[in-house]
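Single-letter residue listing:
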Amino acid sequence: MQLGFAFRLYAQNFRANRNLNFLSIGIIAFAFVILGLFLLVAKNLDSVAEKWGEQIQVVIFLKRDIGEKEKKDLEKNLKGRQEVKGLNYVSSEDAYQRLKKMLQDRSAVLDGLERNPLPASFEIQLDKKYRNLASIQRFAEEVKKNPGVDEVFYGQKWLKNFLALVRIFRILVFAIGGLIFLASGFIIYNTVKLTVYSRREEIGIMKLVGATDGFLRIPFLLEGVTQAVSASLIAIFLLWLTWLLFKNFLQVPFQLFSQAGISFLDPGQMLLLIGSAAMLGILGSMVSFQEFLKV
Amino acid sequence: MIELYHVAKIYERDITALSEINIKIRKGEFVYITGPSGAGKTTLLKLLFAAERPSAGQILIGGKNISRIKPREIPYLRRQLGVVFQDFKLINHWTVFQNVAFVLEILGFPRREIRRRVLQTLKRVQLHHRVESFPQKLSGGEQQRVAIARALINDPKILMADEPTGNLDPDITQEIMKFFLEINDRGTTILFATHDRSLIQAYPKRVISLNRGSLVGDSEESSGGFELGRT
Numbered sequence: 017m018q019l020g021f022a023f024r025l026y027a028q029n030f031r032a033n034r035n036l037n038f039l040s041i042g043i044i045a046f047a048f049v050i051l052g053l054f055l056l057v058a059k060n061l062d063s064v065a066e067k068w069g070e071q072i073q074v075v076i077f078l079k080r081d082i083g084e085k086e087k088k089d090l091e092k093n094l095k096g097r098q099e100v101k102g103l104n105y106v107s108s109e110d111a112y113q114r115l116k117k118m119l120q121d122r123s124a125v126l127d128g129l130e131r132n133p134l135p136a137s138f139e140i141q142l143d144k145k146y147r148n149l150a151s152i153q154r155f156a157e158e159v160k161k162n163p164g165v166d167e168v169f170y171g172q173k174w175l176k177n178f179l180a181l182v183r184i185f186r187i188l189v190f191a192i193g194g195l196i197f198l199a200s201g202f203i204i205y206n207t208v209k210l211t212v213y214s215r216r217e218e219i220g221i222m223k224l225v226g227a228t229d230g231f232l233r234i235p236f237l238l239e240g241v242t243q244a245v246s247a248s249l250i251a252i253f254l255l256w257l258t259w260l261l262f263k264n265f266l267q268v269p270f271q272l273f274s275q276a277g278i279s280f281l282d283p284g285q286m287l288l289l290i291g292s293a294a295m296l297g298i299l300g301s302m303v304s305f306q307e308f309l310k311v
Numbered sequence: 031m032i033e034l035y036h037v038a039k040i041y042e043r044d045i046t047a048l049s050e051i052n053i054k055i056r057k058g059e060f061v062y063i064t065g066p067s068g069a070g071k072t073t074l075l076k077l078l079f080a081a082e083r084p085s086a087g088q089i090l091i092g093g094k095n096i097s098r099i100k101p102r103e104i105p106y107l108r109r110q111l112g113v114v115f116q117d118f119k120l121i122n123h124w125t126v127f128q129n130v131a132f133v134l135e136i137l138g139f140p141r142r143e144i145r146r147r148v149l150q151t152l153k154r155v156q157l158h159h160r161v162e163s164f165p166q167k168l169s170g171g172e173q174q175r176v177a178i179a180r181a182l183i184n185d186p187k188i189l190m191a192d193e194p195t196g197n198l199d200p201d202i203t204q205e206i207m208k209f210f211l212e213i214n215d216r217g218t219t220i221l222f223a224t225h226d227r228s229l230i231q232a233y234p235k236r237v238i239s240l241n242r243g244s245l246v247g248d249s250e251e252s253s254g255g256f257e258l259g260r261t
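Protein chains in written order, with the working numbering: chain X, 17 to 311; chain B, 31 to 261.
Hints are not guaranteed to be accurate.
Derived pair list, reagent style PhoX-like, types lysine-lysine, alpha-carbon separation capped at 20 Å [what the hints assert, rightly or not]: (1) B/Lys187 to B/Lys76; (2) X/Lys59 to X/Lys79; (3) X/Lys87 to X/Lys173; (4) B/Lys76 to X/Lys223; (5) B/Lys54 to X/Lys223; (6) B/Lys235 to X/Lys223; (7) B/Lys54 to B/Lys167; (8) X/Lys92 to X/Lys161; (9) X/Lys116 to X/Lys144.
Hints were generated in silico from the structure; no laboratory data involved.
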């Protein structure tokens, strides 16, 4: 097979069909921009959910009469558990000060108390893997068995709602994302097919003078891949511009929901986009080539 | 060189394009295939360069049976044949040079050798001054000469032409005809499909006549050439 010539043929074809190629790249880039926009929105909303998820914490209230050794044992025990990502001890006095601070100038109400009624507690940040209702419940049950533990609190009701919301959101992302991915795949496939279709006569001629399918496939594969990959690069660039433009406008309202800034696609996601472009380019040209090649 | 035994071609919906064709063509012969349009001339040629497969019968080219040729072997068969069409079948965004050179490029000839042979062949069809032109800037006769040059470049044993003068003026037709005769003189077997009776009269050669898919005459047989077993 004449690889060098196949590459020259590809370059030659690309130049000769400049307009059609640019049109195709434009259409494919448009499809990728839509897909990318969706990815961006989904990613940022997900990071909000993630941030909120980090705030899921389990508070373990300790019995008033817990001894120093029992407390140390409990802490050691908790730190050893897989579920626990972070642990913070809040003494009875700390809790009192916090409450005082929260009440601000109304803190005088506390003066009526004979003694500090607040128990000491451990505040537990959970590992990402265990931020679901079942794990949290199991964790709470197990911790509660410890004799030094008075009560375990994890915002049961709120947590249930929040986790359900996150789940619906992820299912929606998956479904809509899948649809958009299929749609852009279809557009890309058809656009590449258009290129091959416009050349079917030429392909027929080349076959008549003895070109093998294997040889003819190379320039078309390269063309399909070039179109799809350059379109995905253009799309990423356009998305980046859009992101720059809107970042500052959206930053403030966004921060109301989470401490996270608006982020762009990370390198992995960009590579995934470019990679799927290449795949679609190959697939599109292979299939359409096969379709038009019955000479 | 070319042998057809009981060859038939039936397209879908039972349209019979050819039936019971028995022909033997020797090396170096010049053979007209003639008949009104729809007689099966084009189908016959298509069977020979494997663009179609026969529904029945055997086709041998140079001793090789191509009736059951595998798809991946077809390109290699075509490289041994030259084919010229009525509509030239040139690639319009390629120069004359590129159109002719393509045949050698896919065979992997070195570039210098390609250049030498293309220029030589274009000289043979008197087009060496149009090397860098694009086909659409050329006259019909010139375009057909490019197609002939392309068919000749790899020294095929057999040259097939499907109404090669069908789109050309009478003057140009004479000119093209002379090329085919000259090529034949050098030993290439030629199959020339045409419905132009005057052409056959002007340059008499063996004539195979088809009508509605049947072989209705072979001047070779009537003049006492070899006989084919008829059923």
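Which numbered hints fail:
Numbers 2, 3, 5, 6, 7, 9 - these are the hints that the structure violates, sorted from lowest upward.
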